[in-house]
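All chains, full assembly: derive it from the sequences and hints.
In order, the protein sequences belong to chains A and B. Just so we're aligned: 9 in numbering that gives the first Met the number 0 is position 10 of the first sequence, and the numbers increase by one with no gaps anywhere. Just so we're aligned: 75 in numbering that gives the first Met the number 0 is position 76 of the second sequence, and the numbers increase by one with no gaps anywhere.
Mixed in with the good hints, there may be bad ones.
Residues on chain B that point at chain A, a partial pick, calculated with CB under 8 Å [unchecked claim]:
1) ASN411
2) LYS413
3) GLN476
4) CYS479
5) LYS481
6) LEU487
7) ILE511
What the hints contain is simulated information worked out from the structure, not anything from laboratory work. Where is the CB? At the ideal position from N, CA and C, for every residue including glycine.
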Amino acid sequence: MSKPATIFIDGRKIDAFEGEKLLWVALRNGIYIPNLCAIRGKEHPSGSCRLCYVQVEGCSEPVTSCTLSVTDSLSVQTRSPQVDRLVKSAFELLLSHHRLGCRDCAKRKSCELLKIAKERGLKMKLTRLALLDQEAEVDDSAETFVFDRSRCVLCGRCVWICREVIKVGALGFSRRGIKRVVTTFQDVSLAQSGCIECGLCVEACPSGALYFKEGKKPAAAGQCSCRGG
Amino acid sequence: MNGNAAAAVRERYRKLEADAAARIKAIYNGPVIRVGTATCGIAAGALPVKEAFARVVEEKGLPAKIIDVGCMGHCYAEPLVIISKPGFPSLCYGYLDEDLAARLVDDFLINDDPCYEFALVALEPNDVFPTFSDFPRGVYEQKIVLEHCGFIDPGDIDHYIARGGYGALAAALGKAPAGVLDTVKESHLRGRGGAGFPAGLKWEAAVKAGPGEKYVICNADEGDPGAFMDRGILESCPHQVIEGMLLCAYAVGAERGYFYIRAEYPLAVERVRRALEQAREKGLLGGAILGSGFNCELEIFQGSGAFVCGEATALVRSMEGKMGIPATRPPRLAQSGYRGRPTVLNNVKTFAYVPPIFNRGVEWFKSIGTDDNPGTAVFSLVGKVAHTGLVEVPMGTTLRQLIFEVGEGPANGKAFKAAQIGGPSGGCLPEAALDIPIDFDSLQEAGAIMGSGGLVVLDEDDCMVAIARYFLEFTQQESCGKCTFCRLGTKHMLDILTRITEGCGEPGDLEILEELAEDVRDGSLCNLGATAPNPVLTTLRYFRDEYEAHIFEKRCPALMCKELIVYYIEPQKCSKLCNVCVGSCPTEAIYTRDDGLKAIDQEKCVKCDNCLKTCPPDYNAVIKLSPPGLLTEKEGKKA
Chain A
0 MSKPATIFID GRKIDAFEGE KLLWVALRNG IYIPNLCAIR GKEHPSGSCR LCYVQVEGCS
60 EPVTSCTLSV TDSLSVQTRS PQVDRLVKSA FELLLSHHRL GCRDCAKRKS CELLKIAKER
120 GLKMKLTRLA LLDQEAEVDD SAETFVFDRS RCVLCGRCVW ICREVIKVGA LGFSRRGIKR
180 VVTTFQDVSL AQSGCIECGL CVEACPSGAL YFKEGKKPAA AGQCSCRGG
Chain B
0 MNGNAAAAVR ERYRKLEADA AARIKAIYNG PVIRVGTATC GIAAGALPVK EAFARVVEEK
60 GLPAKIIDVG CMGHCYAEPL VIISKPGFPS LCYGYLDEDL AARLVDDFLI NDDPCYEFAL
120 VALEPNDVFP TFSDFPRGVY EQKIVLEHCG FIDPGDIDHY IARGGYGALA AALGKAPAGV
180 LDTVKESHLR GRGGAGFPAG LKWEAAVKAG PGEKYVICNA DEGDPGAFMD RGILESCPHQ
240 VIEGMLLCAY AVGAERGYFY IRAEYPLAVE RVRRALEQAR EKGLLGGAIL GSGFNCELEI
300 FQGSGAFVCG EATALVRSME GKMGIPATRP PRLAQSGYRG RPTVLNNVKT FAYVPPIFNR
360 GVEWFKSIGT DDNPGTAVFS LVGKVAHTGL VEVPMGTTLR QLIFEVGEGP ANGKAFKAAQ
420 IGGPSGGCLP EAALDIPIDF DSLQEAGAIM GSGGLVVLDE DDCMVAIARY FLEFTQQESC
480 GKCTFCRLGT KHMLDILTRI TEGCGEPGDL EILEELAEDV RDGSLCNLGA TAPNPVLTTL
540 RYFRDEYEAH IFEKRCPALM CKELIVYYIE PQKCSKLCNV CVGSCPTEAI YTRDDGLKAI
600 DQEKCVKCDN CLKTCPPDYN AVIKLSPPGL LTEKEGKKA
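Here's what the structure looks like:
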């Protein structure tokens, strides 16, 4: 077991262990830091969503809390003008490539984009950026759920669950740059892929990209391990 | 290693060196023609020149030997050859073609007339012809990495050994690895991949990572537009890099290393492969190197050409067969790199500095350059500059000296506008910033970066908005897409820049562009994303007026952005006797007016620039106008 460490988040004294990632310590203690790509249990954080910035005392630039290892007497602020600016910018960038229209989104009650907007007082609309074109098609070939890529934020939670937890590997990242997508091998439909419809990716998805069809939510849906415990 | 074993290693090397020196001396007892056949030479036509030499030499039954050498850095004058004939200084000739090759054989090799009128420079000091040090460029240049490039046959290891090559390795094998590490640390050698991280500290971190399997990787994934230093070095003197890697492997305790070379560099791959084979044959690579207890195997890994794979973590992932995508750090590669093992990854040039540092000593190395940036800087000097090529100057040389003395300034008498330094991750510096010294820290302060060393000279005809857009388009296309800022931020920035260059810029665009650029810089996951906005940020800083002209006046000051210019034939300069432009126009937009002069039908014009290029210098009647509205004014006058 690693050594205990006392740290300060927004001035609050918190007990943690050295080497833990700050993001998880904060969330465990009820302090919210926006995040999408963070996966508990994933040894090497992806660091791709760029939302979990915090300000470390004695450090001029904000750092991502998912990669920040706790050391004793570490002191961080979850908000600062620089942090707020980066979070606001990253959030608007994600929205510029995300089909809005929350009213008819199946995930509107559990959407983490909405949660971030609420927590940080951000608008769910584009203020300075144009909406980027999306050619995404909706894959509703699976029996129990739908994959709507136009709402995917590329956090990678579904990919991790599918590959590392269920070990099916039906989903993966493909292509580069602005064309990066979550897809199946050779872009076949989910029904043609190796998907076993365990439904865990749907529960892991923070946005409306993966959602259960009406009345198809499995009764014994497991607790998604990427966010749990 | 005990004293006897060290002496045995030295003895074995001495024999290798003596044999190589004797063989090379025998070659130079007769006439030798060295043909520069690096990629730059081949592109300029070196292979037919070499064949012409071979043909004529054979026809005349001469004893001359023809040898392939790499690039000596004077790429503007390719194809280049060096002719050595006993009794004459070795002379270098540029701009060769097959006819000149035949003539040089006849006049020089047969009739003892060295044709000085075609010679560029002599290699050795002599009474008849100037040497490199007699030219302005020679005053500023100092070659460490490029010392042998262009003068030795990269395909024959004896050329390198005869010049003392692998001597540093032989000497180092007699010392403890810790001593080798100390030398590199004391030299303050900074990594030449772009960030300038001290090589010694990187190596030390790998040592401290503990015992066990370790790797050394040479990053030759050079992918910046306009940069070809690493290619030039690998094609011209691969053994110097191999020796540097072996010294590193010995210092950190690695027994395996890799050259990560992009597959688009087939000649570099071939020459490195051959060099590795020859080093193995000589006992300089593989098991028990030079009879010592040190084993090290080097291999080539060919990258598939993704720009982002030049980033260290992405490079390692791609070698492991995964997607070439950067990972968060820590851990550093020195702790957990290739296959999860401690890995030292350095640029080609960094490794190439190591053998000279051992041969000539730490003090010598530190005497070159500046205190914090010892040594030299290698640049590929390209763009609108008279003397393009590979140049090497001490750190601390100013950009002005580099561009105007070494490169002899902009070509064709045009006015200098900017130096784009450090590739798509670098920045554009204006004339006023040219007096800053070239080193890692000063360039960063000015908003550019040293990068791996591409330097593109831009002149008055280059629109800075279009240039910024060009480089951003490159990084946007090469973005791996993993992180939000780089994937989406560069896309929005590119869209805004495209609008501006097309004349659709709006007030407020610059503010958004600048904000986004700063956010991408501060928020991206890897350094490629974080440096991608540099071309935009520096052009906004130094050339904001050009952006404003595009947005508010719909005018491109450099007359480069197609949507913002029109072509116009000035009637007072045009001649009835000339029809050249009419023939050159691919869309039949140019017609002959009733008075016999030519005019352009703007509806049909596709702005291909042909008419402007073909209009004879006597008339120079075709001009570009921006904003396009000026046309009505001009045509009004005519009527």
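Okay, the hints, checked on the actual structure:
| no. | hint | in the structure |
| --- | --- | --- |
| 1 | ASN411 | 37 Å, violated |
| 2 | LYS413 | 35 Å, violated |
| 3 | GLN476 | 6 Å, holds |
| 4 | CYS479 | 5 Å, holds |
| 5 | LYS481 | 5 Å, holds |
| 6 | LEU487 | 4 Å, holds |
| 7 | ILE511 | 5 Å, holds |
Of the numbered hints stated above, those contradicted by the structure are hints 1 and 2, listed in ascending order.
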